[in-house]
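Colleague: Residue strings, one per chain:
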Amino acid sequence: MAGKIKRLLALGAVVLTTAALAWAGSDDQPKAGGAPKPVITKAAKGEQCVEPNDFMRRNHMKVLLHHRDETVLEGIRTKKYSLKECINCHASEKTGSVAASKDDFCVSCHSYAAVKIDCFDCHSTKPQGSMAMHPLNAETAHYAHKLAAQADRKISAEDMAGIAQ
Amino acid sequence: MSDMKPMPETSPNSPERRRFISAATVAAGVTLVPGVMLIEVAHGRPEDQPASSAVRWGMLVDATKCAAGCDECVSACSTENGWTPVAESKHPKQAPQWIRKLELQDPLTQMETNLPMMCQHCAEPPCVDVCPTGASFKRADGIVLVNRHTCIGCRYCMMACPYKARSLVHEPLNDTQKPDVPRGIGCVEACTFCVQKVDRGDGTTACVEACTAAGHNALVFGDMNDPESEISRRLRELPTKQVRADLNLNLGVRYHGI
Amino acid sequence: MASITFREVEGSSLKYWLLFGGIGLFVLFGFLSYLYMHHHGHVVTGMDNQIVWGLPHVFAVFLIVAASGALNVASIASVFNKPMYKPLAPLSAILALALMLGGLLVLVLDLGRSDRLIVAMTHFNFTSMFTWNVFLYSGFFALVGIYLWTMLDRNVKAYSKAAGTAAFIWRLILTTGTGSLFGFLIARELYGTAMLAPMFIIMSFAYGLAIYLMVLAAAYAWTGRPLGDAVMLRLKSLLAVFVAAVLYFVVVYHLTNLYFAKMGSVESFILRDGGIITTLFWVGQIVIGCVIPLVILLTGLGKQRTWIMIACFLVVLGGIAQMYVTIIGAQAYPLDMFPGMTMKSSFYDGVVHGYAPTMPELFLGLGGVAIALLVTTFAVKVLRLLPANLDDATVAKLEH
Numbered sequence: 001m002a003g004k005i006k007r008l009l010a011l012g013a014v015v016l017t018t019a020a021l022a023w024a025g026s027d028d029q030p031k032a033g034g035a036p037k038p039v040i041t042k043a044a045k046g047e048q049c050v051e052p053n054d055f056m057r058r059n060h061m062k063v064l065l066h067h068r069d070e071t072v073l074e075g076i077r078t079k080k081y082s083l084k085e086c087i088n089c090h091a092s093e094k095t096g097s098v099a100a101s102k103d104d105f106c107v108s109c110h111s112y113a114a115v116k117i118d119c120f121d122c123h124s125t126k127p128q129g130s131m132a133m134h135p136l137n138a139e140t141a142h143y144a145h146k147l148a149a150q151a152d153r154k155i156s157a158e159d160m161a162g163i164a165q
Numbered sequence: 001m002s003d004m005k006p007m008p009e010t011s012p013n014s015p016e017r018r019r020f021i022s023a024a025t026v027a028a029g030v031t032l033v034p035g036v037m038l039i040e041v042a043h044g045r046p047e048d049q050p051a052s053s054a055v056r057w058g059m060l061v062d063a064t065k066c067a068a069g070c071d072e073c074v075s076a077c078s079t080e081n082g083w084t085p086v087a088e089s090k091h092p093k094q095a096p097q098w099i100r101k102l103e104l105q106d107p108l109t110q111m112e113t114n115l116p117m118m119c120q121h122c123a124e125p126p127c128v129d130v131c132p133t134g135a136s137f138k139r140a141d142g143i144v145l146v147n148r149h150t151c152i153g154c155r156y157c158m159m160a161c162p163y164k165a166r167s168l169v170h171e172p173l174n175d176t177q178k179p180d181v182p183r184g185i186g187c188v189e190a191c192t193f194c195v196q197k198v199d200r201g202d203g204t205t206a207c208v209e210a211c212t213a214a215g216h217n218a219l220v221f222g223d224m225n226d227p228e229s230e231i232s233r234r235l236r237e238l239p240t241k242q243v244r245a246d247l248n249l250n251l252g253v254r255y256h257g258i
Numbered sequence: 001m002a003s004i005t006f007r008e009v010e011g012s013s014l015k016y017w018l019l020f021g022g023i024g025l026f027v028l029f030g031f032l033s034y035l036y037m038h039h040h041g042h043v044v045t046g047m048d049n050q051i052v053w054g055l056p057h058v059f060a061v062f063l064i065v066a067a068s069g070a071l072n073v074a075s076i077a078s079v080f081n082k083p084m085y086k087p088l089a090p091l092s093a094i095l096a097l098a099l100m101l102g103g104l105l106v107l108v109l110d111l112g113r114s115d116r117l118i119v120a121m122t123h124f125n126f127t128s129m130f131t132w133n134v135f136l137y138s139g140f141f142a143l144v145g146i147y148l149w150t151m152l153d154r155n156v157k158a159y160s161k162a163a164g165t166a167a168f169i170w171r172l173i174l175t176t177g178t179g180s181l182f183g184f185l186i187a188r189e190l191y192g193t194a195m196l197a198p199m200f201i202i203m204s205f206a207y208g209l210a211i212y213l214m215v216l217a218a219a220y221a222w223t224g225r226p227l228g229d230a231v232m233l234r235l236k237s238l239l240a241v242f243v244a245a246v247l248y249f250v251v252v253y254h255l256t257n258l259y260f261a262k263m264g265s266v267e268s269f270i271l272r273d274g275g276i277i278t279t280l281f282w283v284g285q286i287v288i289g290c291v292i293p294l295v296i297l298l299t300g301l302g303k304q305r306t307w308i309m310i311a312c313f314l315v316v317l318g319g320i321a322q323m324y325v326t327i328i329g330a331q332a333y334p335l336d337m338f339p340g341m342t343m344k345s346s347f348y349d350g351v352v353h354g355y356a357p358t359m360p361e362l363f364l365g366l367g368g369v370a371i372a373l374l375v376t377t378f379a380v381k382v383l384r385l386l387p388a389n390l391d392d393a394t395v396a397k398l399e400h
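Chains as they are written, first to last, in my numbering: chain R, 1 to 165; chain U, 1 to 258; chain G, 1 to 400.
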C-alpha cells in the first residue's frame with residue numbers, strides 16, 4: 001500500500017512539473033517571436049504560379065501527387081503541376097536549388113511546418129542545366145532581369161495564418 | 001468515333017503546352033485515316049496524352065556490328081541518366097549499372113561475341129509479377145519501369161530477373177541526379193529505354209544515338225508494332241533471337257548474331 | 001483426464017532479469033544496426049547487386065519457417081487429440097508468435113526503404129508471392145492469437161479445437177508460401193521448383209521443434225520446475241523423424257537436379273566447387289544439421305537430456321546453414337543467360353559472386369532472434385503458459 005502511494009506521489013510530481021513547464025513555455029513563446037518564419041523567395045521566372053498562391057499553399061501536395069502518378073504510370077508530361085517546373089521557377093538564386101540550404105523554397109516552409117518530404121531523395125533539387133553554375137543558360141537567359149530584381153520576402157504572420165486555416 | 005480528336009489542339013486550358021516533335025508528324029496525323037494515325041500520334045505523342053498500347057518500343061542489337069572494347073552505349077547511358085560509371089565508383093560491386101557490355105566466348109570454337117545487356121523490357125516481365133507493391137510495372141507502350149514512389153527496396157525483382165538487369169541504389173546520391181531522371185537510395189532501378197527522351201518525342205535512346213554516332217550502327221530503336229518503322233523492317237530481314245527464349249517472356253530487345 | 005495447473009514464471013530473480021537484460025542487449029544491437037544500415041544505405045552491408053538477399057534474409061526466413069514449425073506441438077494436441085501434448089500447447093503457440101515477429105522485423109528492417117513500410121501495407125500486387133505472404137503472416141498472427149486465447153480463457157475453451165485446426169491449416173499454407181517465395185522464381189536454376197514448398201514445410205517441423213525443445217528445457221531447468229523424461233523422449237523421437245524427413249527431401253532434390261544436364265554445373269557448384277557454400281552444405285546442413293543429430297537422437301545418447309539439447313542446437317545450426325546455402329548459394333552462382341558460352345562483363349557476369357556479411361547484417365539477424373526470445377521470456381512471466389509440473393507421474397495421468 002505504501003508503495004502505491006509513493007508511486008502516485010511521484011506521478012503527481014511529474015505531471016505538475018510538466019504542466020508548469022508547459023505553462024511557462026506557452027507564456028514565453030509569443031514574446032520571443034516563436035520559431036523563425038519561413039523565407040518565401042519570389043520565383044525567378046514568371047509573375048504568377050499555375051494556380052493562385054492560396055490554392056497552392058494548401059493544395060500543392062495534392063496536385064503534385066496526382067501529376068506524379070500520371071507521369072510515372074502513363075507518361076503524361078504536361079508542365080502544369082510538374083515538380084520539375086516548380087523547381088525551374090522556385091530554385092533559389094543563391095544555391096540554384098529548392099532544397100539545398102535552409103532558406104530554399106521547399107525546405108524553408110517544410111521545416112517550419114515540420115512536414116518531412118522525401119521528394120529530394122530521388123528528385124534533383126536543381127533546374128535543368130543547373131542555374132547555380134550557369135545563372136543564365138540558354139533556357140533561362142530571358143529571365144535575366146527577373147533574377148536581378150529578385151528580392152527575398154519574409155512571409156507575414158497573416159500569410160501563415162491563412163495556410164493554417 | 002466523332003469524339004476521337006486527331007490532335008488535342010482543342011483542349012481549353014493550354015494550347016501553348018503542346019509540343020510536337022515535328023511538323024511532319026502533325027501533318028501525317030491530320031492527313032491519314034484515324035486507324036493509321038493513332039500510331040503516328042503515339043510516336044510524336046502530345047505531352048498530355050498517355051503512352052499508348054498501339055506502340056511497342058523495342059530495340060534490335062546487331063551483335064555482329066558491336067565492337068569489342070567499345071563502350072560508347074554504356075557511357076552515353078550513364079551520362080544521360082546520371083548513374084556513376086562503374087570505373088569511377090568507390091563501391092563497384094554495389095554500383096548500379098543500367099547497361100553493360102557482355103563478352104561471350106564459345107569455349108569449344110573460341111568464337112567471341114560482344115553485345116550490350118540491359119533490361120529486356122519483357123512483355124511478360126517476371127519483375128512485375130513478383131513486385132509486392134506493384135512498383136515494378138509495364139507501361140502501355142511496353143517499357144518496363146520502377147515507380148520509385150512505391151518501391152520499398154525489397155529486391156525481389158532482382159531475384160526474379162533472368163538478365164540481372166536491375167540494380168539497387170546502395171548509397172545516397174546527394175543531389176547528383178538529372179532533373180529528368182529521378183533516382184534514389186534504397187530503390188531498385190534499371191534501363192528505362194530513356195523514357196524521358198521517348199516521351200519528349202526523340203524516338204531514340206542515348207545508347208542508340210551513341211552507337212550510331214560512333215559509326216557502329218549496332219543498335220536500332222523503334223516501334224515494333226509499326227510495320228513501317230526501321231526496327232520492324234530490320235527485324236523482318238535479319239534472323240534474331242531472344243536471350244533465354246526458353247522462358248517465353250516475349251522480349252522487347254532482340255539480338256542478331258548470337 | 002487429470003487437470004494440469006498452469007502458472008506464470010515468477011520472474012523476479014536476478015537470474016531472470018540478467019537473462020532479460022542480456023537478450024535485451026542483443027535487441028538493442030539489432031536496432032542500432034538497423035539505424036546504421038538505414039542511415040548509410042545498403043552500401044555498409046556485404047550485399048550488392050549480385051548477392052541481393054544476404055544474411056538478414058537467412059535469419060528472417062529461418063525464423064519465419066521455424067515459427068510455423070514451433071506451432072506443431074500445439075497442433076498435435078488439439079488437431080490430433082493427443083492429451084499428452086495439451087499442457088505443452090500454450091508455450092508452442094507463444095513461441096510461434098514470437099519467432100514470427102522476430103523474423104518479420106528482420107525482413108522489413110532490411111528493406112531499402114523500410115520507412116515506406118506503409119506502402120507495403122496499402123499497395124498490393126496479387127501476382128506476387130510476397131503480397132500473399134503479407135496476408136499469410138497477418139493471418140498467422142490473428143489465428144494463432146485466437147488459438148492462444150482459447151487455450152488460456154476457460155470461457156472460450158470449447159473453440160480451442162476449431163481454432164487449433166484453423167491455425168494448423170494456415171501454417172501449412174504459410175510455409176508453402178515461404179517456400180514458394182523461392183519456388184516461384186524462374187531466373188535462378190536452384191529455385192523455380194515445387195519441391196521447395198513441401199521441403200520448407202518439413203524443415204519448419206524440424207527447426208520449430210528443435211527450438212521448442214530447447215526453450216522448454218531451459219524454462220523448466222531455470223525455474224526449477226520438474227520436467228519428466230516422458231515428455232522429452234517423446235518429443236526427441238518426433239524430432240528424429242522430422243530431421244530424417246528433411247534429409248530425405250534434400251537428397252531427392254539434389255538427385256533430381258543432378259539428373260538434368262542443364263543443372264549439372266550449378267549442382268557441382270553447390271556440392272563440390274562452391275568453397276564456403278559447399279562446406280556449409282556438407283558440414284553445416286548435412287553433417288551438423290542432419291547426420292549428427294540423427295545419430296544422437298536414435299542411439300542411447302538420445303536418452304540423456306544434455307545430448308538431446310546438443311542435437312537440438314545442431315539442428316538449429318544446420319537450419320541456418322541450410323538457409324544460407326539456399327538463399328546465398330543460389331545467388332552466388334552466376335545466371336546462365338547464354339548456355340554453353342563463357343561470359344565476361346563489368347557487372348560480374350559469368351563469375352561466382354563472393355559474399356562477406358558485415359557486422360550490422362549479423363547483428364540485425366541476431367536482433368530478430370533476440371526479439372523472439374525476449375517476447376517468449378516476457379510472455380511466460382505475464383501469462384499462464386507453462387504447467388507447474390510436467391514430471392512423469394503427472395504426464396502419465398493425462399494419458400488415461
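Take the hints with a grain of salt, since some may be wrong.
As the list claims (entries may be wrong) - Pairs of lysine to any residue residues, derived as SDA-like cross-links and limited to a Cα-Cα distance of at most 25 Å, are as follows:
id	chain 1	residue 1	chain 2	residue 2
1	U	K65	G	R305
2	G	K344	U	M111
3	R	K94	U	L173
4	G	K303	G	L398
5	U	K178	R	P52
6	R	K79	U	D246
7	R	K62	G	M343
8	G	K82	G	R305
9	R	K45	U	S89
10	R	K84	U	M111
11	R	K62	U	K90
12	U	K138	R	K94
13	U	K138	R	K45
14	G	K344	U	P107
15	U	K90	G	V119
16	G	K262	U	L173
Simulated from the structure, these hints should not be mistaken for lab results.
All values reported here derive from a predicted model rather than from experimental measurement.
Colleague: Given the hinted pair K138 (chain U) and K94 (chain R), is their alpha-carbon gap at most 25 Å?
Modeller: violated, 40 Å
Colleague: Are K94 (chain R) and L173 (chain U) close enough, with their CA atoms no more than 25 Å apart?
Modeller: Status holds; Cα separation ~22 Å.
Colleague: Given the hinted pair K303 (chain G) and L398 (chain G), is their alpha-carbon gap at most 25 Å?
Modeller: holds, 22 Å
Colleague: Could you grab the alpha-carbon distance between K138 (chain U) and K45 (chain R) and see if it respects the 25 Å cut-off?
Modeller: violated, 36 Å
Colleague: When you check the alpha-carbon spacing of K62 (chain R) and K90 (chain U), does it fall within 25 Å?
Modeller: With Cα atoms ~39 Å apart, K62 (chain R) and K90 (chain U) exceed 25 Å; violated.
Colleague: Holds or violated: K178 (chain U) and P52 (chain R), Cα atoms, limit 25 Å.
Modeller: violated, 29 Å
Colleague: For the pair supplied as a hint, K344 (chain G) and P107 (chain U), is the alpha-carbon distance within the 25 Å limit?
Modeller: holds, 13 Å
Colleague: Compare the distance between the alpha carbons of K344 (chain G) and M111 (chain U) with 25 Å, and conclude whether the hinted pair is satisfied.
Modeller: Distance ~14 Å between K344 (chain G) and M111 (chain U) Cα, so the pair holds.
Colleague: Does R305 (chain G) lie within 25 Å of K65 (chain U) when you go C-alpha to C-alpha?
Modeller: Distance of about 71 Å is beyond 25 Å: violated.
Colleague: Taking only the CA atoms, is the gap from K62 (chain R) to M343 (chain G) under or equal to 25 Å?
Modeller: Between K62 (chain R) and M343 (chain G) the Cα gap is close to 49 Å, so the pair fails against 25 Å, i.e. violated.
Colleague: Take a quick look at whether K84 (chain R) and M111 (chain U) sit within 25 Å of each other, Cα to Cα.
Modeller: At roughly 48 Å apart (the allowed maximum being 25 Å), M111 (chain U) and K84 (chain R) break the hint.
Colleague: Against the 25 Å threshold, does the CA-CA distance of K45 (chain R) and S89 (chain U) hold or violate the hint?
Modeller: violated, 37 Å
In summary, the numbered hints that this structure violates are 1, 5, 6, 7, 9, 10, 11, 12, 13, 15, 16.
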